[in-house]
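S.K.: The opening residue of the sequence shown carries number 1 in the working numbering; numbering runs sequentially from there.
Hints in this document: simulated from the structure, not taken from any laboratory. Possibly wrong hints are sitting among the right ones.
[As the list claims (entries may be wrong)] Keeping only pairs whose Cα atoms sit at most 27 Å apart, straight-line, the calculated BS3-like set for lysine-lysine is: (1) Lys116 / Lys106; (2) Lys94 / Lys79; (3) Lys94 / Lys106; (4) Lys94 / Lys82; (5) Lys116 / Lys130.
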Amino acid sequence: MHSALESVDPLSRTQHSTTLPSPTLSQHDHFLLSLPSQQSSSSSTRPTTTPSSTSEGRMKRSSPSSEGECDGEPTKVQKRQKNTEAARRYRQRKVDRVTELEEALKVVSEERDELKLRLARAEAMTDVLKGMVGKSG
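Turn these sequences into a full structure, and let the hints steer you where they fit.
M.R.: Listed below in structure tokens is the structure:
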């Protein structure tokens, strides 16, 4: 029973730590608009597990310095922006690579079609020559 109380205490502390970063996040409304929709869908699925594990990580990082909370949030925002840009660049490289492969496929297909025509002509010429040899011999 005592261990059950210990597991409840970190959750209650976690809830307090969850309420502290929320006002700081509300300063960045444009990010909050995207975050709550993702959190609300995950919180409806797992209301206790997901927020507590996320909040504990925040609590451990922000507790060593009280000023870190103010400085930590812009850092998180900057990290999110960097990650968003990196993801955008990755997606663009992926699109560029697919386009490049499609162009290479087109070139190879055209070359294949040209080789098929040359083969058909060569086979036709072979048949004509065999016919000429058969008639004369």
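S.K.: Now tell me if each hint is right for this structure.
M.R.: Hints versus structure:
1. Lys116 / Lys106: 15 Å, holds
2. Lys94 / Lys79: Holds - the C-alpha atoms of lysine 79 and lysine 94 are around 22 Å apart, at most 27 Å.
3. Lys94 / Lys106: Status holds; Cα separation ~18 Å.
4. Lys94 / Lys82: Holds, because 18 Å separates the two Cα atoms, which is no more than 27 Å.
5. Lys116 / Lys130: Satisfied, since the Cα-Cα distance of roughly 21 Å is no more than 27 Å.
Every hint from the earlier list agrees with this structure, and none is contradicted.
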